[in-house]
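Each chain is listed here by its residues.
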Amino acid sequence: MTEKENKKERKIVVPGEIIVSGEDYLPGDGTERNGKDVVAKRYGLADESGRLIKIIPLSGVFIPRRGNVIIGKVLDITMNGWILDLGYATNGFIPLSECPRYINKGDLGDYFAIDDLIVCKIISISGRGIDLTVKGRGLGRIEKGIIAKINSNKVPRVIGKEGSMISMIKNETGCDITVGQNGLIWIKGDKIDNEILAKKAIEFIEDRPFIDGLTDKMEEWFGEVKK
Amino acid sequence: MVEKSKYTKRIDGRKFDEIRKMSAKVGVVKEADGSAMFSFGEGKEATTAVAAVFGPRKLHPQHMQDPKTGILRVNYDMLSFSVNERARPGPNRRSKEISEVSKWALVNVLELKEFPNTVVDVFISITQANASTRCAGINAASMALAHAGLNMKSLVASVSVGKMDRTLVVDVNKKEEDYEEGEGPTDIALAFTGRGQEIGLMQLDGKIRPEELKEAVEMGKKAAMEIIEVQKNALKDVRGEEK
Chain A
149 MTEKENKKER KIVVPGEIIV SGEDYLPGDG TERNGKDVVA KRYGLADESG
199 RLIKIIPLSG VFIPRRGNVI IGKVLDITMN GWILDLGYAT NGFIPLSECP
249 RYINKGDLGD YFAIDDLIVC KIISISGRGI DLTVKGRGLG RIEKGIIAKI
299 NSNKVPRVIG KEGSMISMIK NETGCDITVG QNGLIWIKGD KIDNEILAKK
349 AIEFIEDRPF IDGLTDKMEE WFGEVKK
Chain B
668 MVEKSKYTKR IDGRKFDEIR KMSAKVGVVK EADGSAMFSF GEGKEATTAV
718 AAVFGPRKLH PQHMQDPKTG ILRVNYDMLS FSVNERARPG PNRRSKEISE
768 VSKWALVNVL ELKEFPNTVV DVFISITQAN ASTRCAGINA ASMALAHAGL
818 NMKSLVASVS VGKMDRTLVV DVNKKEEDYE EGEGPTDIAL AFTGRGQEIG
868 LMQLDGKIRP EELKEAVEMG KKAAMEIIEV QKNALKDVRG EEK
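For the record, the sequence lines run as chains A and B. So the first sequence is residues 149 to 375, counted in my numbering. So the second sequence is residues 668 to 910, counted in my numbering.
Since the hints were made in silico from the structure, they are not lab data. Note that the structure is predicted; figures quoted are calculated from it, not measured. Among the hints, erroneous ones may be present.
Said to hold, decoys possible - Calculated lysine-lysine pairs in the DSSO-like style (CA-CA distance at most 27 Å, straight line):
| id | chain 1 | residue 1 | chain 2 | residue 2 |
| --- | --- | --- | --- | --- |
| 1 | B | 889 | B | 697 |
| 2 | A | 269 | B | 889 |
| 3 | B | 682 | B | 874 |
| 4 | B | 682 | A | 184 |
As the list claims (entries may be wrong) - If you want the ones that stay clear, here's a sample from chain A, every Cβ over 10 Å from chain B, calculated:
| id | residue |
| --- | --- |
| 5 | 159 |
| 6 | 160 |
| 7 | 165 |
| 8 | 170 |
| 9 | 178 |
| 10 | 190 |
| 11 | 197 |
| 12 | 261 |
| 13 | 271 |
| 14 | 287 |
| 15 | 289 |
| 16 | 304 |
| 17 | 306 |
| 18 | 341 |
| 19 | 347 |
| 20 | 364 |
Even glycine gets a Cβ: it sits at the ideal position worked out from N, Cα and C.
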């Protein structure tokens, strides 16, 4: 997030509302041009960066994008891959070819079983479905730890500016945390108490979507809790 | 030439073009993707609707799926305790009709092309009824859809315009709906889009002259724009809840 560079408070806009008027501006995500005006198409925070006007969503369902790292749950196993629930209207698919090692056909269930949670990456979104991969660092099945679930629109807040927030939580709790863009967060620590502390910290962020300087508040919060 | 209207003063003392005091709030149903509450009037005299939006999500039954666009499904329900005499719960002829007309009023502002084969479900529950329930329902649903982060052309506001004998009034309540003197009661439910002020719903119950209808639509339009302001303020007020 760019709170610090962008001192001007961003205002909440509703669909159909004129954000700015003038030919100089460019309509970005969630906005459209109507004659001279740039009009909001959805509910959210209007963000002005230079000439570009876009809307930062505040609520709603997760919309997958290419390159997102997400956490999905295995729903079904087919002849050549796994079908995953991503918390979206369309299911995802991991083809056998996107697996880091060779797997015999028929042994797919041994690698990822039904109900397993998988950290994966979106490689393509087409009309037919969403294709995923587990090739890459940090991708694969979730072994130990706990899962926290938040609204997917709050994910950028949990990560913080250049990952400042998430690395602070990692340092304070000593847990390993993987944030899925779809709002599922995998917390893995050596002690269950630390995992719960990290989960509470994430819930603390989720409850405060508008506060500026949240990283500092978080530090205070950790100070209080650890006493 | 025209007789004077017998309805010279409104039962609850409002002006003829005055809407009951409105209140609105978003985020009332935490489990939903978007939700809102809207009411006309206060206390015992209020009409209150709660709307919850889920989706876009997978559409079942599968044969209803449209590969070109997502669809909207609206379910209007009057809760059993919303009226003095217990309302029999569950769908009935009236609720099915209102669900469908509410859908027509809302679907034209929504842009669901990006989400083929999916559905957006809107559940409207009337928790307290005192006439104009479909209008309160549409107002709540429009806010809930915006709150769910869906792409919309604008908000939708709905209001009823009544004709008591020969007097046109805005936002009819139950007592006015039952007004029987003179020409009797006429009730027109109207919905307008926020941008362009296009008509999304017009239902006429009773009798009215063409010139009076034109006037009623104009009155409704003016009232609807007031409602849009209330909806906007409620959507923008989420910041205040936290410290």
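Results of checking the hints against the structure:
no. : hint             : verdict
1   : B:889 with B:697 : 33 Å, violated
2   : A:269 with B:889 : 51 Å, violated
3   : B:682 with B:874 : 22 Å, holds
4   : B:682 with A:184 : 38 Å, violated
5   : 159              : 8 Å, violated
6   : 160              : 5 Å, violated
7   : 165              : 7 Å, violated
8   : 170              : 18 Å, holds
9   : 178              : 7 Å, violated
10  : 190              : 5 Å, violated
11  : 197              : 20 Å, holds
12  : 261              : 23 Å, holds
13  : 271              : 20 Å, holds
14  : 287              : 25 Å, holds
15  : 289              : 25 Å, holds
16  : 304              : 14 Å, holds
17  : 306              : 16 Å, holds
18  : 341              : 27 Å, holds
19  : 347              : 18 Å, holds
20  : 364              : 15 Å, holds
The structure does not agree with the numbered hints 1, 2, 4, 5, 6, 7, 9 and 10 stated previously, though it agrees with the rest.
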